[in-house]
Amino acid sequence: MVNINATLIAQAINFLFLVFVLAKFAYKPLAKMMEDRKNKIASDLEAAEKARTDAEAIQKECADKLAAARQEAAAIIEEATKAAQAAKDKAVADTKAEQERIIADAKAAIASDKKAAMDDVRAQVVDLAMAAAGKIIGQKLGTDEDKKLAGEIVDSVMSK
Amino acid sequence: MGNEAAAAVAAAEAERAKELIHYLAWDVAPGVTIHMQTMLMTWIVMILLILLFVFASRNAKLIPSGLQNVMEFFVEFIEGLVTGSLGVKGWKAIGSFFVSLFMFILVSNELGMLPNVVHGFHWTSPTNDINTCFALSLTVAIGVYFVGVATNGMGFFKHFISPSPAFLPLHLLDELTKPLTMALRLFGNILAGEILLIILYQLAPWIVPEFWVMFSLFIGFLQAFIFTMLSICSYEKIYAHH
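Heads up: the protein sequence lines correspond to chains A and B, in order. Start counting the first sequence at 1; every next residue gets the next number (the numbering used here). Start counting the second sequence at 1; every next residue gets the next number (the numbering used here).
These aren't lab readings, by the way, just hints derived from the structure by calculation. All clues given are correct.
Residues of chain B placed beyond 12 Å of chain A at every Cβ, according to the derived structure:
#1 G84
#2 G120
#3 F121
#4 G153
#5 M154
#6 F156
#7 Y201
#8 Q202
#9 P209
#10 L230
One-sided excerpt, in silico: chain B residues whose CB lies under 10 Å from chain A:
#11 Y23
#12 T33
#13 T42
#14 F53
#15 F55
#16 P64
#17 E72
#18 E79
#19 M103
#20 T132
#21 L136
#22 T139
The beta carbon of each residue, even a glycine, is placed where N, CA and C say it ideally should be.
So that you can see chain A by itself, here it is in the shape it has in the complex (with noise of 0.2 Å):
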């Protein structure tokens, strides 16, 4: 059963043989082909972490402009609130000023007419009092003397 032999030095040539088949046609391309995926997995794995830095970067970007915009949106609201606050100041204050014009205005004209009437009423009393006192001495007044003392007379007791 143990018998050493030719078979020994047949079976290393059959072997070796085998060794440099294998190597020479079969296990080579095996062999590239499992280095091309291994070099490829590394670069796709490369890639999607580049890909995944990019989306970061570019997230952050967003964000940042999204902040800045929302700033600028509440800066032009405020400055907007402050100009309509100050269109309606201005506005509530112009009012005003022609509200006090025209009641001044109308003071200024209830006094002239008042005026003009006092003075109309006056000279309507000199002239009643001149005839009524020329009646009753029976000369008849019409001297300008005669009319400034009416006047004062009128005018002292108007005052009253």
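With chain A's structure known, arrange chain B on it following the hints.
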């Protein structure tokens, strides 16, 4: 005289017939005997391996499937063992040798476990022949010198006197016993497995032997692994300093 010679041949034939394992020893020339059963089985293993690897790598794709996947599994398995001991440099240099070694022993070991369907034709493991086992272990052992000198030049022989010249006898003994033990371990395991399988078939033809077949399939893998691992270890001293 002629009768005596004929009687001796007949006696040898009778002796062989009683043996459980038949090697079909042919005297191809005076004094040159070849075990034809071993040779035939070896050729079957070789053709099988060449076909497997050629078909797996012929249309090698980046995304592997089917056979390519299986063969790549084995290649990567050995790659792990080799790069673990010899580094990437050792893998690039002699990795394919270990892939072939492992696959050859693995397929050889499992071949003997195939059921014998055709009458008169027996599946046997080429590794059940001591000649095959010695051929492999001596190829590995002698290969160490070739690869060692090719890689490190004459400085390779320095390992015989390291750490001190007093270790020279131990190193020499190691060089001799390593191929001997590797060959005998493989031979013993596989031959014993096949003999026990034949005996089990005679004792209990049904079911029982199948459990032994399962176990033998496992042992076939284990022995291929052990032999390959020890072979890789014997190349370690070449790449140890790199």
